[in-house]
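Participant: The residues making up each chain are set out below.
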Amino acid sequence: MHAPSFREKYLVRFWSPTPAVAVAGVLSAYYFGVTGTFWAVTGEFTRWGGHLMQLAGAHPERWGYFRAIGLQGLPWDRVDGWVVLGMFAGALAAALWANNVKLRAPRHGVRWVQGFLGGFVAGFGARLAMGCNLAAFFTGIPQFSLHAWMFTVATAAGSWAGVRVALHPVFRAPVRVEKVTAAAQVRAPAAGRRFWLGALLFAAFAGVALVVATRQLKLGLAGLFGLAFGLLIERAQICFTAAFRDLWITGRTLMAKAILAGMAASAVGTFSYVLLGVAPKIFWAGPNALVGGFLFGLGIVVAGGCETGWMYRAVEGQVHFWVVGVGNIAGATVLAWLWDRVAPALALAYPKVNLLQALGPVGGLAITYAGLLTSFLLLVWWERRFLTRAGGERARSTSPAAATGVLG
Amino acid sequence: MSPLTPGELDLLVPTHRLDMHGEPCPYPAVATLEALPQLAPGDVLEVISDCAQSVNTIPHDARNHGYEYLGMRQDGPTLRYYIRVPAQPRP
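Protein chains in written order, with the UniProt record's numbering: chain X, 1 to 408; chain F, 1 to 91.
Pulled out of the complex, with its shape left as it was, chain X reads as follows:
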């Protein structure tokens, strides 16, 4: 036994997800205070789709959706652009440090279709609801916007439907267990150069962001926040999809509880900035949040990852998630194109409910934490119920016949 090196202990081993999500929650509150906007990615991806449309000769800047979210400049002229670039850089640096970059093509052809369709539906739904998991959980609920609670409930329902699709035999490969007499031989690719490449990327991005910050404070700081977010999501493998999906599949609540901890850490921080006068981002509490949330939940489960999930998996070299990303941007862009037709009925006619205004600051804060506590208790109840039932089934099936059973 030797004591693990710093690199081994902090940069190669994965981080525990719960503290990592709590730190992300605190950072997202600071991010709101510093930039005046919220941590989000899909809006920026939609703009990238808009830029591609412009290159193709279309005029998406005339669409109502882009008039609402803005399509001026290029990614590096925007706060949202810097946070997304920072997240890609941070996640790639983290993956390089851990020697976790490898081109991984899907083993089954059906994953290509699954990834694109899932990404498309998730991107479409997220934008219909005015933001994905980040905008809703990390910044919607902690920003006291009622639409985020509607989105969350609908996402849970959508993820349940997504599980029915993802576990359909069409998407399943046979489970082959082989008998073995030794552990598998694994030869990891040499880590040396990748580690330093990751360190160089991290330092270079941080340096550029600092220089930019001296001229345009918000842009540069958004880049640094993005770098930290990217590091956290890759190192701790934070997965909002798993938070919902695995409640229904295996009864696991680890990630869902972690995200609740993140929201609890974030909400009071956001609250303090709102008291100081920063305007919270409040969206329409209309059917768009419900329909969009449902489609988002369905799409992320089919795709295997949400908007943040595909970002770090794509830079790790998981080719499946490149396809998810393309589908995601395509779906978000199609929604932007349809927005002027669907928005009046689904969104614009409904009020933007700010819980801090509707219920007063104390009422809004209290109901938010009461909602988080209720969600936590529901998770505890669900986990116990699920695992008790699974245990009962296992006891019935563990007869001697089953134990010596079917081995491929």
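Keep in mind that the hints were calculated from the coordinates and are not lab data.
All C-beta atoms, glycine included, are put in the ideal place defined by N, C-alpha and C.
Don't take each hint at face value.
[Said to hold, decoys possible] If you anchor each label on the Cβ, the simulated ranges turn out as follows:
id	chain 1	residue 1	chain 2	residue 2	range
1	X	Thr-214	F	Glu-68	51 to 57 Å
2	X	Trp-48	F	Pro-41	49 to 55 Å
3	X	Thr-374	F	Leu-12	56 to 62 Å
4	F	Leu-12	X	Gly-73	55 to 61 Å
5	F	Asp-75	X	Gly-391	57 to 63 Å
6	F	Leu-12	X	Ala-3	29 to 35 Å
7	F	Pro-41	X	Ala-161	25 to 31 Å
8	F	Pro-3	X	Ala-173	27 to 33 Å
9	X	Leu-276	F	Asp-75	48 to 54 Å
[Unchecked claim] Coverage of chain F stretches by chain X, computed from C-beta distances (three or more under 8 Å per stretch; other residues unrestricted):
id	region
10	14-20
11	27-41
Place chain F on chain X using the hints.
Facilitator: Relative to chain X, chain F alone:
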């Protein structure tokens, strides 16, 4: 996190293997929970996955569902999990 030390894991001899290379989540975790009931008490399953996110799924699911999670070996992008079927199935 790992009940066995890295040295103990190196000496561990699995009896069965589930190779989930190239499969994204949730399939490695789902297949693990489907494979384990096929084994006999005392058997040790080695699950290979290059979906990094499985660090937050397979160990927890194995324990939650009454199996003995022994540990994980991380070699670059390849993760190998070791899970033992307990002699007496736990409730």
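Participant: Evaluate each hint against the coordinates.
Facilitator: Here is how each hint holds up against the structure:
no.	hint	verdict
1	Thr-214(X) / Glu-68(F): 51 to 57 Å	55 Å, holds
2	Trp-48(X) / Pro-41(F): 49 to 55 Å	54 Å, holds
3	Thr-374(X) / Leu-12(F): 56 to 62 Å	43 Å, violated
4	Leu-12(F) / Gly-73(X): 55 to 61 Å	56 Å, holds
5	Asp-75(F) / Gly-391(X): 57 to 63 Å	33 Å, violated
6	Leu-12(F) / Ala-3(X): 29 to 35 Å	22 Å, violated
7	Pro-41(F) / Ala-161(X): 25 to 31 Å	37 Å, violated
8	Pro-3(F) / Ala-173(X): 27 to 33 Å	30 Å, holds
9	Leu-276(X) / Asp-75(F): 48 to 54 Å	49 Å, holds
10	14-20	holds (count 6)
11	27-41	holds (count 12)
Consistency note: the structure conflicts with the earlier hints numbered 3, 5, 6, 7.
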